[in-house]
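**Q** Residue-level listing of the chains:
2 protein chains.
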Amino acid sequence: MKLCHTAFAVSAFAVTAGAYAQQAPKPEDQIRYRQSIMNVMGRQFGMLNAMSKGDVPYNKDAAVKAAGLAETLSTLPLPLFGPGLDKGAPTKASTKIWSEPDKFKAALEKMQGEVKKLSGAADDAAALKTVVGDVGKACKGCHDDYREKEFRN
Amino acid sequence: MKLCHTAFAVSAFAVTAGAYAQQAPKPEDQIRYRQSIMNVMGRQFGMLNAMSKGDVPYNKDAAVKAAGLAETLSTLPLPLFGPGLDKGAPTKASTKIWSEPDKFKAALEKMQGEVKKLSGAADDAAALKTVVGDVGKACKGCHDDYREKEFRN
Numbered sequence: 008m009k010l011c012h013t014a015f016a017v018s019a020f021a022v023t024a025g026a027y028a029q030q031a032p033k034p035e036d037q038i039r040y041r042q043s044i045m046n047v048m049g050r051q052f053g054m055l056n057a058m059s060k061g062d063v064p065y066n067k068d069a070a071v072k073a074a075g076l077a078e079t080l081s082t083l084p085l086p087l088f089g090p091g092l093d094k095g096a097p098t099k100a101s102t103k104i105w106s107e108p109d110k111f112k113a114a115l116e117k118m119q120g121e122v123k124k125l126s127g128a129a130d131d132a133a134a135l136k137t138v139v140g141d142v143g144k145a146c147k148g149c150h151d152d153y154r155e156k157e158f159r160n
Numbered sequence: 008m009k010l011c012h013t014a015f016a017v018s019a020f021a022v023t024a025g026a027y028a029q030q031a032p033k034p035e036d037q038i039r040y041r042q043s044i045m046n047v048m049g050r051q052f053g054m055l056n057a058m059s060k061g062d063v064p065y066n067k068d069a070a071v072k073a074a075g076l077a078e079t080l081s082t083l084p085l086p087l088f089g090p091g092l093d094k095g096a097p098t099k100a101s102t103k104i105w106s107e108p109d110k111f112k113a114a115l116e117k118m119q120g121e122v123k124k125l126s127g128a129a130d131d132a133a134a135l136k137t138v139v140g141d142v143g144k145a146c147k148g149c150h151d152d153y154r155e156k157e158f159r160n
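So the protein sequences, as listed, match chains Y and U.
Positions in the first sequence are counted from 1; adding 7 to them yields our numbering.
Positions in the second sequence are counted from 1; adding 7 to them yields our numbering.
One copy or two, it doesn't matter: identical chains are merged, so the pair holds either way.
Okay, derived cross-link-like pairs now, SDA-like style, lysine to any residue, Cα gap no bigger than 20 angstroms in a straight line: (1) K72 - L87; (2) K72 - Q119; (3) K112 - L87; (4) K33 - G49; (5) K99 - N46; (6) K123 - D68; (7) K72 - K124; (8) K123 - V71.
Keep in mind that the hints were calculated from the coordinates and are not lab data.
For reference, chain Y alone in the conformation it holds in the complex:
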């Protein structure tokens, strides 16, 4: 039993240390984290888009919160599309991301720039409306090029 406990403790430590100290968590966890970020970011954009179209009433506090959250999230995913993270869990990420990383990086940075504009505009309904379209185009452009329709392994 002692050996068993020790093995468990070492294993638990390895997971924790591996996740943060060695910066090498399991690809499946990184892919899940990447998908989670994109999902939450997409939901914030969806709400801002709905407000700009009048599908839901404009709400300044909610818009500022959503835009700020989207901006912070937009800064996270680039390293999660790095080497070794092209597979390991079902993903819609196109293999083109890994075959043309510089082009992908430029597209992602374009998105980051556009999302940043949301934060500057979210406290005003008219201003928000003018930038939402550009952000949507940046999302769509990158998805058209780098997101598959179906999950692959």
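Take the given structure of chain Y and dock chain U to it, following the hints.
**A** Quick look at chain U alone, frame taken from chain Y:
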């Protein structure tokens, strides 16, 4: 074909309007959103925890960013544990959440309060260390009571 196009247009509108105007997206999408929020929040806490333990070097900018993100995210999930969202996709959320919603709400609000303290402490390594433990306890307490070990349908 015209009928077909109309039906598609109405259907597409219903999805968009349903997602935001009627506040009734599909349970599976809400469950996925809930899981994404918890995943991203957990990762921020994991990084702050690792910094407080010395597993990774303390970095003020990264800590402040992670704590702020965790705080914003902590305000989102409560409505995603609402009526009708107990099933619809594989989930680890215990059915107890829906059978004792007031108790669950109190536990979630406790977590929100603790996570808020992270933001106030993240710009100082020693202060961060003192609050991380309490946040961890709030996470664990809620997970022990309301998160299953395995996914259920």
